[in-house]
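Quick mapping for you: the protein sequence lines, in order, are chains A and B.
For reference, each letter of the first sequence is one residue, going 1065 to 1366 in our numbering.
For reference, each letter of the second sequence is one residue, going 42 to 363 in our numbering.
Hints may be right or wrong, so weigh each one.
Listed below are the simulated DSSO-like cross-link pairs for lysine-lysine, each with C-alpha atoms no more than 27 Å apart in a straight line [to be verified]:
hint : chain 1 : residue 1 : chain 2 : residue 2
1    : A       : Lys1184   : B       : Lys321
2    : A       : Lys1193   : B       : Lys124
3    : A       : Lys1193   : B       : Lys144
4    : B       : Lys221    : A       : Lys1177
5    : B       : Lys321    : B       : Lys164
6    : B       : Lys148    : B       : Lys164
7    : A       : Lys1184   : B       : Lys221
8    : B       : Lys272    : B       : Lys164
9    : B       : Lys164    : A       : Lys1177
10   : B       : Lys201    : A       : Lys1193
11   : B       : Lys322    : B       : Lys341
12   : B       : Lys341    : A       : Lys1193
13   : A       : Lys1335   : B       : Lys124
14   : B       : Lys164    : B       : Lys221
15   : A       : Lys1193   : B       : Lys221
16   : B       : Lys193    : B       : Lys321
17   : B       : Lys149    : A       : Lys1184
18   : A       : Lys1300   : A       : Lys1237
19   : A       : Lys1184   : B       : Lys164
20   : B       : Lys144    : A       : Lys1177
21   : A       : Lys1304   : A       : Lys1352
22   : A       : Lys1237   : A       : Lys1153
Everything labelled a hint here was simulated from the structure, so no lab data went into it.
In case you want the letters, here they are:
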Amino acid sequence: MAFLEELRYIAQDGIELGLIWSLLALGVFISFRVLDFADLTAEGTVTLGSALALSLIESNVPPLFATIIALLGGFAAGIFTGVLHTKLKIPAILAGIISMTGLYTINIWVLGKAFIYTEKDTLYSFLRKFLADPFLAKSLTALVVVVIFFFALYWFFGTEIGMSIRATGMNRKMARAQGINTDVMIILGLAIANALTAACGALSAQSMRGANMDIGRGTIVIGLASIIIGEVIFGKRSFKNWLISVILGSVIYQILVAVAIRLGMDPNDLKLLQALLITLILSLPLVKKAVLSRRKEVNGHA
Amino acid sequence: MKKLIGLVLLFAFFGLSGCQDDGMIVGILQYVEHNALSEARRGFIEGLEEAGLVDGVNISITVFNPQAEAPTMAIQAKELVRKSDLILAIATPAATAVANEAKEQGKKTPILFTAVTDPVDAKLIARADQPGGNITGTNDMNPIREQISLVKRLLPAAVKLGILYTASESNSQLQANLAKAEAEEIGLEVVVRTINNINDLQAVANQLASQVDALYIPTDNTIAGSMGVIKEIIEQRRIPAIVGEPNQVDAGGSITYGVNYYELGKLTAEMAVQILRDGKKPSEIPSVGLSEFDLIINKKQLEAIGIAIPSDLLENAARVLE
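Required output: the full structure, derived from the provided sequences and hints.
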């Protein structure tokens, strides 16, 4: 039945894109939520990751190494933003903007031209040899990467250093009073966040086999929307639960995009829909609260 | 539970809207909202109409525009490849996304591209005259030879041409290299200067302008944003600036031959008609660019500089700035 087939496609597209872009959501989650740092570097590091991965693959570097180098590139960019903020005392947003601006030139330089397309093997090619279905090959590859990152993050943020990063994000002054070197924690946290976003760029570019300067555009909004959707639907009871929520939130977000596309919306309205969606979901807790307090009031009067 | 019901309603809605499918489905993926790209799209759709292929009558056109967002474009490319009988991709990233997705899904859907500067370099086609595969289309390469020929038309006695572009813009560099070769071929001595960023522009352009008879500036995003600086310098030094695209003339350049994206879209529509109506394969249709270009002349500026514009140029101009 056409309708069921349609549902299957929506689920497929949402899962494939959602898993790939959940790395971005995790990166944005670490900077915005864990560190409480509005880091705009992400827009530059997604592009950096895609540019590094594809240009390295084009020069015959194995895709796994190319992806790891892309990740390290993001890590370095995160350190840069962190140093700007902690050592040079530049406000968070501005530090991110400076990094993003600097990365623009670096990205052009890494890309070498306006657009790279590769026909060489990518990270997905390994599974593709065994699986005829491109969706399965891509989604499973992305799933493996996401699961590795999930366990790594879950483990790391349970260690003393990880806990110190979380404490720094919750209350910088208190953390410092506890003897935590908050500067180092912020730098490390941003480095991890941007390593993740760069890895997302690398995976996305390999999936499309193409990289250009635009790939990072608007990505912070995508990341934030995914986080918020995840939190609202799946909760944030524990750190583990929160991480899973962010990953699933990314999948739900991409499913919503897939639905919007199929609704035959005017393509230009898609951006507005995204903005409305985020506003709606952001305001949901407030609405919930208002409704609950009103209910209480009614109950109280009854 | 409420969420579930909402989701089901949503699905039911598009399930209904997606029910009627009669005739060929033409999918269009336009990379981003941009004047040139939208013109190409309009030209394509109107070109189809002129050939009797009308949206909603005997074909059905779906237009997607991801606004340059990578994940959205991925989903839209998948959707178009699944359902279309022919796909038009506008701009290089859209074209490679669609071509790659068709390869992944193992589909032989004919794909056309337009507004792609160098389709061979983008690995869309093997060779322009023999595209190979299921993809062909039109390129929007600037007519650099024609643009450089304007130097001698405006200044028959010109000896030295200065070429200026931004070092980091590889597309500009490509055009600058071609322009240098063309200029040397017609006997001009060429001086090439690059800028690193917009802050260098004033100094570098001034120095270059002082030692040449005319300037050539290719399509260059950085300089395009500051054509006002160029305008002042060339009007003061009384030399013309031949530029890469019409917008740069409007912003203070002297003259150009530019790509008319509407016509480019129409040219692509002719290919679509050959495929949809005559049953041709994309591999049988050579990938081409326009053969005629729009001449845009800043008459006011050229006259102020003291250059007599040949009357045939003025007669053939698509647009003259008075």
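List, from low to high, the hint numbers that the structure doesn't satisfy. Those not satisfied are hints 1, 7, 8, 10, 11, 12, 15 and 16.
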